[in-house]
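Novice: One-letter residues, chain by chain:
There are 2 protein chains.
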Amino acid sequence: MIIDCHGHYTTEPADLKRFRQEQTKAAQNKTAPPLRASLKMSDDEIRDSLECAQLKLQRERGTDLTIFSPRASGMGHHIGDESVSLEWSQICNDLIHRVCALYPQNFIGVCQLPQSPGVPPKNSAAELTRCVTELGFVGCNLNPDPSGGYFNAPPMTDKSWFPLYEKMIELDVPCMIHVSGCCNPAMHTTGSYYLNADTMVFMQVILSDLFKNFPKLKFIIPHGGGAVPFHWGRFRGLAQDMKLPDLRAHLLKNIFFDTCVYHLPGQELLARVIPVDNILFASEMIGAVRGIDPETGHHFDDTKRYIEQLSLSTEDKAKIYEGNARQVYGRLSAQLDKQFAAA
Amino acid sequence: MIIDCHGHYTTEPADLKRFRQEQTKAAQNKTAPPLRASLKMSDDEIRDSLECAQLKLQRERGTDLTIFSPRASGMGHHIGDESVSLEWSQICNDLIHRVCALYPQNFIGVCQLPQSPGVPPKNSAAELTRCVTELGFVGCNLNPDPSGGYFNAPPMTDKSWFPLYEKMIELDVPCMIHVSGCCNPAMHTTGSYYLNADTMVFMQVILSDLFKNFPKLKFIIPHGGGAVPFHWGRFRGLAQDMKLPDLRAHLLKNIFFDTCVYHLPGQELLARVIPVDNILFASEMIGAVRGIDPETGHHFDDTKRYIEQLSLSTEDKAKIYEGNARQVYGRLSAQLDKQFAAA
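Protein chains in written order, with my numbering: chain A, 61 to 403; chain B, 61 to 403.
Treat the hints as calculated values from the structure; they're not laboratory data.
Where hints are given, some of them may not hold.
One copy or two, it doesn't matter: identical chains are merged, so the pair holds either way.
Said to hold, decoys possible - Here are the simulated BS3-like cross-link-like pairs (lysine-lysine), alpha carbons at most 27 Å apart as the crow flies:
| id | residue 1 | residue 2 |
| --- | --- | --- |
| 1 | 276 | 182 |
| 2 | 303 | 364 |
| 3 | 272 | 227 |
| 4 | 313 | 219 |
| 5 | 116 | 303 |
| 6 | 77 | 303 |
So here's chain A without its partners, still in its complex pose:
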């Protein structure tokens, strides 16, 4: 089985966009928000939005299952206040749940959280619990910078995050570290902001005892870990200079990297410096980069093609494709059984 652990619903029905625009405008102007009941998204529309997109690419590329969450750039935690963020998160998560119900063999849910700048992360625990216990989700996306580009939240090793981590551990779900759309004109959402947040969080945890205090906490750092594998020597050296443990012992029981790296040399580096047990297959397809690489004739984000070319054993590739995801997402296998039974 080939599990793509990083997919966002980027082809949502049009009325969702209309609702969000009205909700955003109402939050900015402090006028009445649109009614949730006004949202019109039929099952047929959802099917249409996926059949020619994610599902088509799953079939073409030979992947089986996508761990699927709301559009990351759309989370927009900096828009409006906590109540706006909560309503928007519930709507987006419910929509992912409908996708998983329509295609239980193709998608399994991960939620966005109702984070908001300056609001304690623990306030997201209720929505996380709802998504996991009621909707069958297996993880969450956790935003280290709800400001949308100014990096003014406490580091993810600050104790304000701990109650949410306790809930994640209780529910046996990991988080993917993922910022949302960037409103800072100095940074580009998918070109620099995403990667910079990934690198930032990795360094935050190097400097902390986070995983000593929370040995069951699991972070997936997407986009191949930002700049981390390319600078693996730098991070190893920084840790050593600070008399910290070797990074494998210090972090790699708890930190995992996905394979959203859109060229073969990058994938080769990733597989060379990061232990195979810490790599999870992912493509973030229909995401940041949608075109075909003229050098290969294939989509930049068809990451399976790169993995296929790596000189790894079949067993190691199976870990990257499936085994590691089943380990990291503790609820995945049971939820899959449930969804397959429902299919």
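Position chain B relative to chain A; hints supplied.
Specialist: Positioned in the frame of chain A, the structure of chain B alone reads:
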């Protein structure tokens, strides 16, 4: 000749630190600043600070010349106002000039600029001009985020930067993109902040016509280009999706990457995806990472050892070691002749 294009004076005489501490405290408390005349740094102290450090490593590692600038993390553009930044920059640049006068065959100067948050970059043109025309410097370090970690300056493609770029072109000097010490608790100066600024600026220029408008402008992106080479496919794909020219044509006449990447796999990736004409040898020695890699038995930052292992021709290595630096730093060869004649 082996030219290390990225060295900072990180072993300065102790009194410089005392002065800066007093200057910082005075700026914070709005009290009288220390007198510049109070600074006591003898030639012998400067010699001592280098003989057992940069010069020793140059000899041991077999490099010849370091393009040398003030300590990057010490620039501290967010400390005090523009006048504080100017005095500090002048002091630091004058000190680099003394180093180059004492060791004209080993060091050539690059200046820090008196940037300050919210102050137009053009205000740095006078100090740049002084350093180049009076002190014989061949480049400058340009900080894309004078806030020290909040990324709230306009992108480097904003027209507010243009007068400074015009001055750089007039003087025939490139800049190295380099932030300073991070005062944002979410980011670590050398672990994430430096790399993130590098990646941010690369993406800023992708989105612009900067080098069409300033074809003679040259940026050196240090630390191997941050996350850029590891995500080269992502950047190529983003540019293509936006109907921008191929990155080689769009940027690589003007953008250069240094080799401050502290492990062999990273160096191999850099040399594989970035054209050899765009790579400049550098180590940033006695910088971010000072220890010995137990896996190799050599210093992490002894980057020459990695370059030696790359499967590149002697001609290509000579470009990385020397030829490219002479091209990018337009005044380098003439200034070197002058300094060698003075030796």
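Novice: If a hint holds in the structure, say so; if it doesn't, say that too.
Specialist: Evaluated hints:
Proximity of residue 276 to residue 182 under the C-alpha cut-off of 27 Å is restricted to the intra-copy arrangement: shortest distance 18 Å within a copy versus 52 Å between copies. With identical chains, the CA atoms of residue 303 and residue 364 are at most 27 Å apart between copies only, with a shortest distance of 25 Å across copies and 38 Å within one. In this assembly of identical chains, residue 272 and residue 227 lie within 27 Å of each other by CA distance solely inside one copy; the values are 17 Å within and 52 Å between copies. When the C-alpha separation of residue 313 and residue 219 is checked against a cutoff of 27 Å, the pair qualifies only within one copy, where the shortest distance is 21 Å, while the shortest distance between copies is 47 Å.
With identical chains, the CA atoms of residue 116 and residue 303 are at most 27 Å apart between copies only, with a shortest distance of 25 Å across copies and 50 Å within one. For the identical chains of this complex, residue 77 and residue 303 are inter-copy neighbours only, at 25 Å across copies versus 50 Å inside a copy, given an alpha-carbon limit of 27 Å.
Of the numbered hints stated above, none is contradicted by the structure.
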